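J.: Chains as they are written, first to last, in our numbering: chain D, 47 to 167; chain P, -3 to 531.
Hint data in this document are derived by calculation from the structure and do not stem from the laboratory.
From a predicted model like this one, the values you see are computed outputs, not experimental measurements.
Keep in mind that a hint or two might mislead.
[What the hints assert, rightly or not] Simulated crosslink set (DSS-like; lysine-lysine; CA at most 25 Å straight-line):
1. LYS511/P with LYS108/P
2. LYS164/D with LYS307/P
3. LYS218/P with LYS78/D
4. LYS270/P with LYS164/D
5. LYS527/P with LYS159/D
6. LYS154/D with LYS164/D
7. LYS159/D with LYS270/P
8. LYS154/D with LYS270/P
9. LYS307/P with LYS140/P
10. LYS218/P with LYS307/P
11. LYS116/D with LYS218/P
12. LYS511/P with LYS154/D
13. LYS140/P with LYS151/P
14. LYS154/D with LYS37/P
15. LYS159/D with LYS84/D
16. LYS154/D with LYS527/P
[Said to hold, decoys possible] Below, a sample of chain D positions facing chain P; criterion: calculated Cβ distance under 10 Å:
17. ALA63
18. LEU80
19. ILE88
20. TYR98
21. ALA124
22. ALA135
23. VAL143
Ideal Cβ placement from N, Cα and C applies to all residues, glycine included.
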Amino acid sequence: MANAVKNLEVQPTKYEAEQSTWDEIAESRAFKDLMATKRTFIVPAFIFFVVYYFALPVLVGYAPQFMSTKVIGEVNLAYLFALSQFFVAWIIAALYVRAANNFDRLAKDILNKAEDAKGGK
Amino acid sequence: MANTPLIMFLVFIAITLGITYWASRRSAGASAYFAASRQIKGWQNGIAVAGDYMSAASFLGIAGIIAFFGYDGFMYSVGWLVAYLTVLLVIAEPLRNAGKYTMADVLAYRLKPRPVRAMASLSTLTVSTFYMIAQMVGAGALVKLLLGGYVTYNKAVIGVGILMIVYVVFGGMLATTWVQIIKAILLMAGTLLLSVLVMAHFHFSFGEFFGAISHVTYHDAKGQEVVKDFLTPGLRYKPPYGPLDLLSLGLALIFGTAGLPHILVRFYTVPDAKTARNSVVWAMVLIGSFYIMTTFLGFGAATIVGPDFIKTHGGTNMSAPLLANALAGSVFFAFISAIAFATILAVVAGLTISATTSFSHDFWTNVIHNGTERRPGEEVLVARISAFVVGAVAIAIAIVLGPTANVAFLVALAFAVAASANLPVIVLSIFWRRFNTAGAVCGLAVGLLASIGLILVSPSLMAIDPPTVTGTARHLIQAKAWFPLENPGILSIPLGFIGAIVGTLISHEPTSQHKFNELLVRSNTGLGAEKAGAH
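If we strip away everything but chain D, and leave its shape as in the complex, we get (with noise of 0.2 Å):
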């Protein structure tokens, strides 16, 4: 049994299918709007954290003395704005896995419908 599977191993994949039924997939309603989900929760988001977390080293690097000032206490605006690059980080991070848990519902949906096309395989 182990050298049969090596032999497999080999090959990119063990599911293999037509040209067509892959634009079969790739045109259906289905997965359009998959696309579409993802797309309108991962570019806003991706574009936010790249903005937010520039505006550090930019705010910092040339705006040093308005990030200097004491908000609480000793602790300063610099400080402040990069501790809070963390919680954003994870903040983000959260919304995105809630998002994916509606991506995987979508996609679910297109996998059995092409395995089921597959004939149970």
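The hints should help you fit chain P onto chain D, whose structure is shown.
T.: Positioned in the frame of chain D, the structure of chain P alone reads:
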């Protein structure tokens, strides 16, 4: 108790060798050897990713930068966590869905496998070896510093090299994973303990702690006593180029982490894309908590130990161990030192397995032998041999360079190559229908060459040293640097993308466009994704 560090090192080595023996009996077959049979649980893989990622540079380096430069060191640490959002949002799931063992698997779906895999393998080996050499030289210097009485630099390098070879050759991905998990747990425990002790020193009052940070006393380069507010930005990243360099580093982190081969291979060790996603979240919790705690390690060292004392007792990298010594004595110093050692071993083992997987799977099986094993088990055998070779070469280079070699730039180089060569082609192959083989080869080549070229003419390698600096500590080119930044990302990343786009546009490859739908469906739904193997 002078030999406590030695005993703690030996205990760690004994445990990891035991794990390697256990793993060696479960590493038969390619999927077992390269991907731990894809049966690592989400939380386990998350801890292992953290263990793979947080190098000695994070643990000792960042604590040291904060101890000497205050706030700028803390700001530097932020990007290392935020970078995981790129991994989470863009890379981890498509990679797990469409790939098998390496990032080149994803590229090979729609592009011509041989040229693409050859270039991707070259880029992977470049990133892994450069990063590894930096770690090995650091390891040698560190072990010598911590165990100076017993171990020389050369012996330390050879010891670390042999251990890493043993883990990877005999235990494969399974042993590597568990070494990384144990290391991450030790690192988190040690850091947490140090943080609590620092706060105890300040009577658990943040007011008192930050009060001390705002008045750090030390002697500057001219021997003048100065009192500085260590929360003020700009102590390290000074104009004119400091802020720009930090921006450039940020770009390399945000785009490079998601292109680091030793991180990417970790996502093949879990059963499916959902588990890969959860493991990124676990990793983010650990990595984020760790970098937040560098506040206590770094500022604690600055206020409790003081830059003057650290400078005369081993330098910046000793900040965290010296803090441990000051707070709780020599046994705790030994514990923190052993954690630093475990940290290096876990990272070099991860680098070795990613390099050998790429060499045997991408280059040997798929480029040289057109995707077929000539006899069963050949791919794993080649991987084991190449792990041995990679380890031997890394030991040799680290010994030739010696403990004083200026190697910090190698880490910047590894991230720059990952960000400028690997990431553009992964992203474009997943998202751009028009993308093709010429684009991938061109993007990888331009990204790789631009990163190496810019580092060569950066202040890391080009500077005029005073005659007192000798040997490998001298800069390679004795002239004023042509490129003012130590981090090339700000220029090399756009160049990598431009290379990939121009290469695509000047060539025509209908098959890659036809096959885009297959990759699109596979990477987004997990249809036909590699399944976990049986025990």
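J.: Run through the hints listed earlier and report the numbers of any the structure violates, in increasing order.
T.: 2, 3 and 11
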